[in-house]
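Novice: In order, the protein sequences belong to chains A and B. The end of the first sequence is residue 558 by my numbering, with every number in the run present. The end of the second sequence is residue 163 by my numbering, with every number in the run present.
Note that these hints are calculated values from the structure, not bench results. All C-beta atoms in this analysis are idealised placements derived from N, C-alpha and C, irrespective of residue type, glycine included. Don't take each hint at face value.
Unchecked claim - Listed next, the in silico DSSO-like pairs over lysine-lysine satisfying Cα-Cα at most 30 angstroms (straight line): (1) B:Lys-72 with A:Lys-171; (2) A:Lys-171 with B:Lys-65; (3) B:Lys-72 with A:Lys-247; (4) A:Lys-404 with A:Lys-358; (5) A:Lys-458 with A:Lys-218.
Unchecked claim - Interface residues of chain A toward chain B, partial, derived using beta-carbon atoms under 8 angstroms: (6) Lys-171; (7) Leu-172; (8) Arg-175; (9) Leu-179; (10) Phe-182; (11) Thr-189; (12) Gly-190; (13) Thr-282; (14) Tyr-283; (15) Gly-285; (16) Ala-304; (17) Gly-308.
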Amino acid sequence: MPMQKLTRRQLLLGGFGIGAIATGSYKNYQLEQERKRKLALETLARAELSKKDPREKLKELFGSDAQHTKERVEIEPEPAKLTSPKLPYSREISKTLVICCALTTHQYVLGKLDETYTGEIKTLPTFPKLLTGYTQIATLRGIEDDTVDDTVEVDVPLNTSSNISNSTQRLLRDAGFNLNQRLKEAVNLSRKIPVYLGYVFTSPSHNIIAFRGTNRLAEMITDAIVLQTDYPTTGYGKIHDGFLDLYQSLAQQVQEAAKTFNPTLPCYVTGHSLGGALATLAALDLALKFPKLRSRIQLYTYASPRVGNRDFATKHSQLLPNCYRVVNLADTVPLTPPFEVYGSQYSHIGQMWSFLANTGDIIRNHRISTYQTAVMQAIETDKRRSYPVAGF
Amino acid sequence: MSNQKAYFHDSFEFAHHAAFVRRNRSIRGLIFDYALGTAIVGLNPIPNTFWLTLMIAIVLLVKMSRDVGKKWGFPNVYDFTAFLGLLFGVVGSIAFGIIVFLVMLLLGQLLPLLSAFTVSAVLFTFTWALGQTIHHFFANGFPKQTKHLPAQESSLSADID
């Protein structure tokens with residue numbers, strides 16, 4: 167029987183089949199070798215692991231953890247060599263200042279809602295009688311305006327013809343009328359708003375500089391930048407990069423206001439949360455720029471996070487001993503940034519005056535209203551806790 | 003009289019169409035064979051010889067382009083759209099090749115054995131797509147009139163896939 171001649175296509179298909187089998191077999195061989203190698207490595211790793219006692223490892227872990235805890239606790243009582251305040255903590259002043267802090271938030275919110283608002287504290291609907299004797303000499307405003315999006319419902323006008331005679335048309339007209347009454351359309355409006363970050367008050371007896379806490383997304387990002395940078399003045403340690411950037415955008419305004427201060431009058435610098443950090447930086451900035459004012463500066467912060475490292479805290483305390491920080495023990499913000507983060511160290515400034523107000527919510531515990539209530543009730547104390555605490 | 007004219011006209015049209023179809027089938031088969039050829043080359047399992055695989059594949063692609071053009075008689079194409087189609091076709095062929103590569107990469111993760119056929123699949127797809135592009139480009143030069151056919155058809159009459 168004569169052998170039939172193969173066509174080109176058949177030869178190619180045959181070649182492909184043989185090639186596929188050869189390649190597949192080779193790959194399978196490679197995979198098998200890889201599997202064997204992995205198995206051998208796993209066996210070696212298991213053998214290596216079995217040499218170590220798991221209990222020893224556990225001990226190592228717990229031991230190192232306990233060691234870390236001890237180190238931190240050792241830092242906490244003496245985070246920095248702070249100079250004791252020369253003036254006592256004034257509850258009366260603290261009450262005024264905590265109200266001032268609350269008003270900074272109201273100022274920002276009204277600026278967001280009312281386009282005509284220019285940042286005047288006295289025009290706030292929440293302005294208390296307690297502050298009637300004060301004159302606002304400056305409004306601290308961010309360098310960049312914020313953009314807000316409002317969703318507004320508007321009536322949609324529908325054109326209806328007046329000369330309608332047909333009954334069907336009349337029916338449609340009525341339907342259109344009803345629709346016209348009900349139809350509203352949501353319109354998104356974007357507008358620029360000023361970002362108020364605080365204000366400066368003056369009175370015959372003293373001056374107040376108040377800073378607002380975190381309200382905007384950009385400020386949350388600022389809070390989160392925990393990397394440190396050198397304080398602009400040499401020898402003052404390292405501080406939170408985000409706080410410094412934000413304060414530097416306000417420094418000019420603060421300094422301009424401070425030029426008008428009577429250096430014989432006390433100057434209270436205050437702020438809540440992020441405002442506390444800004445107040446810490448503002449107080450030091452004024453002390454360095456206006457030496458005559460230095461002895462008159464007193465810093466009252468509420469729920470302030472840590473601002474700088476140990477060197478910064480020590481230097482700050484030496485220059486400005488009259489610093490007080492009021493904290494809610496159930497508030498997490500004063501616990502941030504951690505003592506050590508990404509190789510940076512953080513330490514608090516000021517004599518701690520604490521109270522306990524656990525509302526059961528992380529945000530409420532931090533709110534200025536919680537602090538205001540506590541300070542108004544005068545429950546903050548610099549004494550040690552009388553209830554049992556877990557300690558070392 | 004008019005019916006007879008119509009008959010001749012239809013006949014010429016049919017012959018013209020049949021010639022186009024025959025040529026199309028013939029070239030399609032040729033492209034498929036080249037695609038199979040490059041796919042076989044892509045199955046090369048010898049380590050560190052990928053450059054050789056690519057070289058052979060390039061030679062085959064060039065030869066395929068030449069053969070396809072030869073089948074069409076290298077007609078002069080003056081159609082701007084045809085050139086645009088050639089450009090998009092080449093870009094599209096590369097894109098097809100990349101997509102097949104990615105798909106094979108994914109399949110290789112699911113079934114490692116399939117990763118052995120990645121180069122083969124990519125070369126097959128690319129050759130097929132490029133061959134079709136060149137085929138369609140030269141097809142634009144196919145004469146519109148039946149009277150050109152006899153001379154061209156004589157060499158292609160036996161070339162049926």
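Novice: Could you run down the list of hints and mark each one as holding or not?
Specialist: Against the structure, the hints:
{"no.": "1", "hint": "B:Lys-72 with A:Lys-171", "verdict": "26 angstroms, holds"}
{"no.": "2", "hint": "A:Lys-171 with B:Lys-65", "verdict": "25 angstroms, holds"}
{"no.": "3", "hint": "B:Lys-72 with A:Lys-247", "verdict": "92 angstroms, violated"}
{"no.": "4", "hint": "A:Lys-404 with A:Lys-358", "verdict": "35 angstroms, violated"}
{"no.": "5", "hint": "A:Lys-458 with A:Lys-218", "verdict": "66 angstroms, violated"}
{"no.": "6", "hint": "Lys-171", "verdict": "16 angstroms, violated"}
{"no.": "7", "hint": "Leu-172", "verdict": "13 angstroms, violated"}
{"no.": "8", "hint": "Arg-175", "verdict": "6 angstroms, holds"}
{"no.": "9", "hint": "Leu-179", "verdict": "7 angstroms, holds"}
{"no.": "10", "hint": "Phe-182", "verdict": "5 angstroms, holds"}
{"no.": "11", "hint": "Thr-189", "verdict": "4 angstroms, holds"}
{"no.": "12", "hint": "Gly-190", "verdict": "6 angstroms, holds"}
{"no.": "13", "hint": "Thr-282", "verdict": "57 angstroms, violated"}
{"no.": "14", "hint": "Tyr-283", "verdict": "56 angstroms, violated"}
{"no.": "15", "hint": "Gly-285", "verdict": "57 angstroms, violated"}
{"no.": "16", "hint": "Ala-304", "verdict": "61 angstroms, violated"}
{"no.": "17", "hint": "Gly-308", "verdict": "47 angstroms, violated"}
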